[in-house]
Amino acid sequence: MTHYGLSGTVSLEGERLIDPFVLSLRTGWTALLGPSGSGKSTLLRLLGGLQCEAGFEGSRNGAARVGWMAQSDLMQPRLSVLHNVMLVETLAGRNPDPARARDLLAAVGLAGYEPRRPGALSGGQRQRVALARTLMSEADLILLDEPFSALDPATRQTMQDLAHEQFAGRTVLLVTHDPAEALRLCDAIWLLKDRALHPVAALDGSKPHDLADPALAITATRLLDDIRGAV
Amino acid sequence: MTRRLRPLLPFLALLLVWQGGASLHLLPAFILPSPGAVLQALWTDRALLTSHGLVTLGEVALGFVTGALLGVGFAILMMLSPVARMNLRPLLNASQAVPVFVLAPILTLWFGYGMAPKVVMTILLVFFPIASGLLDGMLSTPQQSLDLARIAHASRLRELIWLRLPHALPHLAASIRIAVTYAPTGAVIGEWIGSSRGLGYLMLMANARSRIALMFAALLLIVAMTLILHRLADRLLQRVLSA
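Just so you know, the sequences run in chain order U and W.
Under this note's numbering, the first sequence has 63 at position 63, and the numbering climbs by one with no breaks.
Under this note's numbering, the second sequence has 175 at position 175, and the numbering climbs by one with no breaks.
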């Protein structure tokens, strides 16, 4: 089976942003941690083939169909919830199946919300619609750019669980600045710091990891120190 | 009720000052007729005013609709074709600096004394704000939204229909509100330069015959027409935008 991934160097305005690196993804969740400005979102955008300021030299093994969730839910305010779920398929010109969109809305707990406008939904509900929209394209590679960071703690946990359940069996790359989130969800973790990718040991056991496990809090705190460069 | 009528108070005060000035003969009637005299002209010459008013309204409607359609079409063409955008956008921006009114004598020279030069004048006044307003709106679509198009490998046309046009609707609405008030001005100035019909022609004709009250009545009709068009456009746009 193919491993999605990215390898090479990244530069920004003529200056090296990331030294030669190899990022290879396995099925399941991989986290990309790092301080802001380290270039973790840039790597994600490069892998997804999205426009970005940075220059990339190297090779990319992306998927034909990519799922994309960002911090902003990217709802189109004039479209109904149902049409927002089908938006990426519509943009792709693939004639989306409304019955499937309804099923996905039900799967993310929003059955009956089809005719509503995104403006009438809470932030958490809108991110659920975004999740359904991402599931709609049946992509094998899912790219997540801090999709849970704007949510309140309780909603964030619910969304993490839901996303983990729904994206089962796919290759997911999660960019986050929250070590606890990375440890809770991911089987592989990379720390992008000082222009290089450093592997970080993930927690053992099934994911999402139990938040009550003291090991999670301790490891997260240590990782946070790493990110801040205090150690 | 009082709250709705409150904005009318300043106009009422102005009207009183006007009537007061006229009653005291501060200015001779051939300079400033009294509001009463203008009202009387509106009534006695209603047939004349209506027939000329309909001509102007026809020019405005035809010019506005054609100009708006051309403007929208041009903006979409420039959005879909980078080559067209590269070549036409500087032209569009520069053309904003041309005071279109100075073209009126040339338009009359080219299109004669009939309806055509007035319609063309109105088209020019309406076209530019709508074309550039819509294009700027579509170009300002946030990158985050466009990411979805990129992820979907969307064609330019689909990206335009589903992301750029919806984002640009408020920009387009603002341009239409401006254009709708320009339109009557374009038609009337066209009529001033050379015509035998329309409210602009009627104003000049009344002036030449010292029927100043009639001239004011025609002016009043033009103002009323512009206000009503603006109001209609505003209502319509609000309905479309909130839908």
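Check each hint, because a few of them may be wrong.
[What the hints assert, rightly or not] Derived CB-CB ranges, DEER-like:
#, chain 1, residue 1, chain 2, residue 2, range
1, U, Q166, W, L80, 47 to 53 Å
2, W, R239, U, H3, 50 to 56 Å
3, W, L169, U, H198, 55 to 61 Å
4, W, S81, U, D97, 54 to 60 Å
5, W, L241, U, D97, 27 to 33 Å
6, W, R239, U, G14, 32 to 38 Å
7, W, R6, U, Q166, 54 to 60 Å
Hints in this document: simulated from the structure, not taken from any laboratory.
Beta carbons are placed, not taken as given, at the ideal position from N, Cα and C, and that holds for glycine.
Results of checking the hints against the structure:
1. U:Q166 to W:L80: 47 to 53 Å: For Q166 of chain U and L80 of chain W the Cβ distance comes to about 36 Å; the hint is violated.
2. W:R239 to U:H3: 50 to 56 Å: 53 Å, holds
3. W:L169 to U:H198: 55 to 61 Å: 47 Å, violated
4. W:S81 to U:D97: 54 to 60 Å: At 33 Å between Cβs, range violated.
5. W:L241 to U:D97: 27 to 33 Å: At 30 Å between Cβs, range holds.
6. W:R239 to U:G14: 32 to 38 Å: For G14 of chain U against R239 of chain W, whose Cβ atoms are near 52 Å apart, the range 32 to 38 Å is violated.
7. W:R6 to U:Q166: 54 to 60 Å: Since R6 of chain W and Q166 of chain U have Cβ atoms about 56 Å apart, the given range 54 to 60 Å holds.
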